[in-house]
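**Student:** Okay, here's what each chain looks like letter by letter:
Number of protein chains: 2
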Amino acid sequence: MKLRRIGIIKNRTEKPAMVSGRDGLELQDDFDKAIEKLHKTSEDISEIIINEDLTAILDGIDEFSHIIVLYWGHKVSEEGRSLTRVHPMGKKEFPFTGIAATCSPARPNPVLMTVVRLCGRKGNQLQVTGLDAINESPVIDIKPYVRELFPQEDVMEAEWMQKAVKKFNDGSR
Amino acid sequence: MKLRRIGIIKNRTEKPAMVSGRDGLELQDDFDKAIEKLHKTSEDISEIIINEDLTAILDGIDEFSHIIVLYWGHKVSEEGRSLTRVHPMGKKEFPFTGIAATCSPARPNPVLMTVVRLCGRKGNQLQVTGLDAINESPVIDIKPYVRELFPQEDVMEAEWMQKAVKKFNDGSR
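Line by line, the protein sequences give chains A and B. Okay, so the first sequence: first residue is 0 according to numbering that gives the first Met the number 0, each after it adds one. Okay, so the second sequence: first residue is 0 according to numbering that gives the first Met the number 0, each after it adds one.
You can trust all of the hints, since none of them are fake.
Covered stretches of chain A, as calculated for chain B (at least 3 residues, CB under 8 Å):
no.: 1; region: 62-74
no.: 2; region: 83-94
no.: 3; region: 97-108
no.: 4; region: 141-147
no.: 5; region: 153-164
In silico lysine to aspartate or glutamate, EDC-like type, Cα no more than 20 Å apart, as pairs:
no.: 6; chain 1: A; residue 1: Lys162; chain 2: B; residue 2: Glu62
no.: 7; chain 1: B; residue 1: Lys166; chain 2: B; residue 2: Glu25
no.: 8; chain 1: B; residue 1: Lys166; chain 2: A; residue 2: Glu147
no.: 9; chain 1: B; residue 1: Lys36; chain 2: B; residue 2: Glu46
no.: 10; chain 1: B; residue 1: Lys166; chain 2: B; residue 2: Glu156
no.: 11; chain 1: A; residue 1: Lys90; chain 2: B; residue 2: Glu62
no.: 12; chain 1: A; residue 1: Lys39; chain 2: B; residue 2: Glu152
no.: 13; chain 1: A; residue 1: Lys91; chain 2: A; residue 2: Glu158
no.: 14; chain 1: B; residue 1: Lys162; chain 2: A; residue 2: Asp58
no.: 15; chain 1: B; residue 1: Lys162; chain 2: A; residue 2: Glu62
no.: 16; chain 1: B; residue 1: Lys91; chain 2: B; residue 2: Glu158
no.: 17; chain 1: B; residue 1: Lys36; chain 2: B; residue 2: Glu25
no.: 18; chain 1: B; residue 1: Lys90; chain 2: B; residue 2: Glu35
no.: 19; chain 1: A; residue 1: Lys91; chain 2: B; residue 2: Asp58
no.: 20; chain 1: A; residue 1: Lys14; chain 2: A; residue 2: Glu77
no.: 21; chain 1: A; residue 1: Lys162; chain 2: B; residue 2: Glu147
no.: 22; chain 1: B; residue 1: Lys1; chain 2: A; residue 2: Glu135
no.: 23; chain 1: A; residue 1: Lys39; chain 2: B; residue 2: Glu147
no.: 24; chain 1: B; residue 1: Lys39; chain 2: A; residue 2: Glu152
no.: 25; chain 1: B; residue 1: Lys14; chain 2: B; residue 2: Glu35
no.: 26; chain 1: A; residue 1: Lys91; chain 2: B; residue 2: Glu62
no.: 27; chain 1: A; residue 1: Lys165; chain 2: A; residue 2: Glu35
no.: 28; chain 1: A; residue 1: Lys162; chain 2: B; residue 2: Asp61
no.: 29; chain 1: A; residue 1: Lys162; chain 2: B; residue 2: Asp58
no.: 30; chain 1: A; residue 1: Lys39; chain 2: A; residue 2: Asp29
no.: 31; chain 1: B; residue 1: Lys165; chain 2: B; residue 2: Asp153
no.: 32; chain 1: B; residue 1: Lys162; chain 2: A; residue 2: Asp61
no.: 33; chain 1: A; residue 1: Lys166; chain 2: B; residue 2: Glu147
no.: 34; chain 1: A; residue 1: Lys36; chain 2: A; residue 2: Glu135
no.: 35; chain 1: B; residue 1: Lys90; chain 2: A; residue 2: Glu62
no.: 36; chain 1: A; residue 1: Lys74; chain 2: A; residue 2: Glu25
no.: 37; chain 1: B; residue 1: Lys162; chain 2: A; residue 2: Glu147
no.: 38; chain 1: A; residue 1: Lys90; chain 2: A; residue 2: Asp169
no.: 39; chain 1: B; residue 1: Lys91; chain 2: A; residue 2: Glu62
no.: 40; chain 1: A; residue 1: Lys14; chain 2: A; residue 2: Asp29
Source of the hints: derived by calculation from the structure; they are not laboratory data. Ideal placement from N, C-alpha and C gives every residue a C-beta, glycine not left out.
Bound-form chain A, shown alone (with noise of 0.2 Å):
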């Protein structure tokens, strides 16, 4: 199973939030500041640079206000990738957790995804918000956000997740 990299994201987070070694995740940042910059990056403009050959891939997609990123975590070690479980967002205080149930970009196979919101296109170049992927990570697929195929019903989330949500929402106010 070899990845191609069909594109490249291009902003100005040039060092990733969290960095994942023998030991597990560990936050650059204090907690708090680390939400902040979180959120500054949330409003920033990434450009999505698609290779010049697959341009075609895009068409349609401006009629999207939102799609779905998947990226290549290019800074996870290879210690980062065989981390099975960890502290989210390295938070001691938050319970000792399988990767699968965790956000952490360390993870056997670092294919991250965020759904962002689309400002523009122009020929092989789509800009927008809410990426939070850092400069230059490999773009592997764009896929459109379509809300009717995610849950509708209730869903539930763990316990130190809903914190860490309430958190970031917190901090953006």
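Following the hints, put chain B in place on chain A, whose structure we already have.
**Tutor:** For chain B alone, coordinates are given in the frame of chain A:
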């Protein structure tokens, strides 16, 4: 960018609903029958069997009601990977559209994604419903579904997609 197979999907869906060739996508049944099948499949239980040495990545997953499954479209041919535009679902009435604006399994990187309901976990095995993968699909990643990370505002979708979704919803009654 090399993917590892972290597990495998087991279910009763043996044949893909669509096959891709040089000429684009072709539905294997007529449209109504395909929609009906898709429905049936979406109620069936699939098993996700994670490699035994990675069992720990699932710890804590059962605190989420829904998970995102990334899997590999292993039946997508090389020809399918080189398509850039298709008539969605092989339907000529739908506009000739860039792959990135469709949910076509045939795409440059056939990393397919479905949000499913998690019914249970037993060791390295998950039982889920709503997974429209075919039997023996390799699993690439599992992530928790966190509603707050998806658009909370209004979304816009292409007209043909709205029609397809409506057809699917009508079919379920």
